[in-house]
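Heads up: the sequence lines are chains U and H, in that order. Straight run, no breaks: the first sequence in UniProt numbering ends on number 256. Straight run, no breaks: the second sequence in UniProt numbering ends on number 256.
I should point out that these hints are in silico values taken from the structure, not numbers from a laboratory. Check each hint, because a few of them may be wrong.
Stated by the list, open to error - Cut-off 30 Å, straight-line C-alpha distance, at most; resulting in silico cross-link-like pairs (DSSO-like, lysine-lysine):
(1) 111/U - 20/H
(2) 4/U - 4/H
(3) 111/H - 20/U
(4) 153/U - 20/H
(5) 186/H - 153/H
(6) 153/U - 4/H
(7) 250/H - 20/U
Stated by the list, open to error - Chain H side only, calculated, beta carbon under 8 Å to chain U, not exhaustive:
(8) 68
(9) 71
(10) 117
(11) 251
What the hints assert, rightly or not - Examples of chain H residues toward chain U, derived with CB under 7 Å:
(12) 75
(13) 93
(14) 94
(15) 97
(16) 153
(17) 190
(18) 191
(19) 193
Please read all numbers here as calculations on a predicted model, not as lab measurements. Backbone N, C-alpha and C fix where the C-beta goes; we use that ideal spot for every residue, glycine too.
2 protein chains.
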Amino acid sequence: MREKITVVKVGGAVVEDEAKLARLLCGFCDIEGRKVLVHGGGRRATQVAAQLGIESKMVNGRRITDEQMLGVVTMVYGGLVNKNIVARLQACGVNALGLTGADMDVIRSHKRPVKDIDYGFVGDVERVDGDKLRMLVESGVTPVMAPLTHDGKGTMLNTNADTIAGETAKALAAHYDVTLIFCFEKKGVLADPDNDNSVIAEITRPDFGRYVADGTVAGGMIPKLENAFGAIDAGVERVIITLADAIDGKHGTVIR
Amino acid sequence: MREKITVVKVGGAVVEDEAKLARLLCGFCDIEGRKVLVHGGGRRATQVAAQLGIESKMVNGRRITDEQMLGVVTMVYGGLVNKNIVARLQACGVNALGLTGADMDVIRSHKRPVKDIDYGFVGDVERVDGDKLRMLVESGVTPVMAPLTHDGKGTMLNTNADTIAGETAKALAAHYDVTLIFCFEKKGVLADPDNDNSVIAEITRPDFGRYVADGTVAGGMIPKLENAFGAIDAGVERVIITLADAIDGKHGTVIR
Chain U
1 MREKITVVKV
11 GGAVVEDEAK
21 LARLLCGFCD
31 IEGRKVLVHG
41 GGRRATQVAA
51 QLGIESKMVN
61 GRRITDEQML
71 GVVTMVYGGL
81 VNKNIVARLQ
91 ACGVNALGLT
101 GADMDVIRSH
111 KRPVKDIDYG
121 FVGDVERVDG
131 DKLRMLVESG
141 VTPVMAPLTH
151 DGKGTMLNTN
161 ADTIAGETAK
171 ALAAHYDVTL
181 IFCFEKKGVL
191 ADPDNDNSVI
201 AEITRPDFGR
211 YVADGTVAGG
221 MIPKLENAFG
231 AIDAGVERVI
241 ITLADAIDGK
251 HGTVIR
Chain H
1 MREKITVVKV
11 GGAVVEDEAK
21 LARLLCGFCD
31 IEGRKVLVHG
41 GGRRATQVAA
51 QLGIESKMVN
61 GRRITDEQML
71 GVVTMVYGGL
81 VNKNIVARLQ
91 ACGVNALGLT
101 GADMDVIRSH
111 KRPVKDIDYG
121 FVGDVERVDG
131 DKLRMLVESG
141 VTPVMAPLTH
151 DGKGTMLNTN
161 ADTIAGETAK
171 ALAAHYDVTL
181 IFCFEKKGVL
191 ADPDNDNSVI
201 AEITRPDFGR
211 YVADGTVAGG
221 MIPKLENAFG
231 AIDAGVERVI
241 ITLADAIDGK
251 HGTVIR
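Put together the whole structure using the sequences plus the hints.
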């Protein structure tokens with residue numbers, strides 16, 4: 001039987017709300033065994049950029065990362081957000097280690113080719129080094145991953161935190177029984193968007209097709225679930241979509 | 001015979017000058033065997049703080065780190081400067097890993113007690129975990145250390161980069177034959193401050209006493225050399241003070 005590992009992804013909305021972050025970190029500390037935390041931080045980056053007089057440009061919800069903005073996200077994701085989370089996990093007895101893709105070359109990416117839109121210094125993941133992450137995890141370390149990668153030629157790149165979490169979970173699936181948890185602003189995938197308690201306990205791929213067809217699943221939930229099924233197809237055991245303060249594996253929607 | 005390791009400390013003046021940084025990184029890549037890089041970044045922090053409308057307050061050349069400034073140095077040292085160095089070393093084939101003291105709890109400190117001056121969120125080093133650094137180094141990793149530590153209670157602290165380098169070298173001396181190199185704006189300790197080529201090849205403690213008495217060594221050089229002798233007393237094999245583009249161990253002033 002393979003050892004278990006839990007990969008938790010938490011977005012900017014939680015990271016930047018002190019009370020929510022404290023609850024998330026408590027929940028994360030309580031997860032037994034091997035674990036990895038992946039964080040976002042986009043709202044904080046937008047805020048620091050604004051203070052620096054740099055305008056944030058978004059296209060389809062994705063940040064355009066010009067050279068100035070690359071400096072901002074490198075500071076905010078890799079420094080401010082990452083190191084504060086690491087220090088706070090250390091205070092709870094979790095031996096956290098902050099990582100970007102450049103650190104130990106754990107995630108190599110390439111600058112996204114320009115088609116219709118030039119996203120700038122955005123990195124599409126080429127590979128996650130599961131062996132190095134495993135070496136760290138087996139020595140008792142809990143990686144805390146910022147949404148930054150590098151191109152192997154000396155340039156940092158901005159990479160979506162959901163992607164980092166998904167690709168990391170896939171790479172770890174070669175070694176472990178992986179549970180990937182996406183923290184969400186709802187209790188899970190809802191059967192009725194107006195009823196917060198209508199959480200769908202489990203979604204299989206045939207269910208997903210039906211839910212999309214009948215409109216139960218719509219909008220930003222579709223790529224999130226496609227991403228989840230992609231992880232399942234690549235060997236991740238289960239994906240859970242849940243609230244940031246309910247990451248114990250017993251709440252939310254399970255995707256298998 | 002113990003294995004050798006080289007700890008190189010490079011200050012903000014080099015880190016922020018693209019041409020100087022490129023030469024330093026080349027020289028660092030060429031150092032054979034185990035190595036650690038410790039960097040500063042104070043000038044960049046001052047610049048980013050100014051852009052954010054935060055005034056930098058210095059007393060005796062030391063930064064007063066209030067809460068806002070702690071955010072700035074955490075961003076700039078731990079993110080911007082550290083990750084760019086890591087990415088560039090990776091591009092040269094050095095398996096760099098950026099670390100603050102919070103990461104893997106490698107450097108624990110406590111907030112400096114307030115006497116005459118309240119330095120704010122400045123950390124005085126309590127201990128460097130040489131065993132964890134050794135574990136990383138023995139797995140082929142090159143630590144790149146930012147001048148940040150943590151108090152073990154969830155708070156990052158700002159710590160002088162010379163101190164980080166000295167304390168790290170001392171902790172590694174339990175395991176290795178350590179060479180500690182301080183990059184400097186001169187070729188070494190000069191016998192004649194007006195003659196850049198009057199480098200003193202080697203200084204012992206009796207020499208140091210004489211040089212201070214006759215005024216050859218004065219000003220900021222005195223604490224730097226005291227720091228160097230402190231490292232020697234704690235088991236570091238040799239300390240070298242040299243130019244950032246001459247860190248091959250063959251140039252500068254050697255303190256034994």
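Inset, instruction - List, from low to high, the hint numbers that the structure doesn't satisfy. - result: 2, 5, 7, 8, 10, 11, 13, 14, 17, 18 and 19
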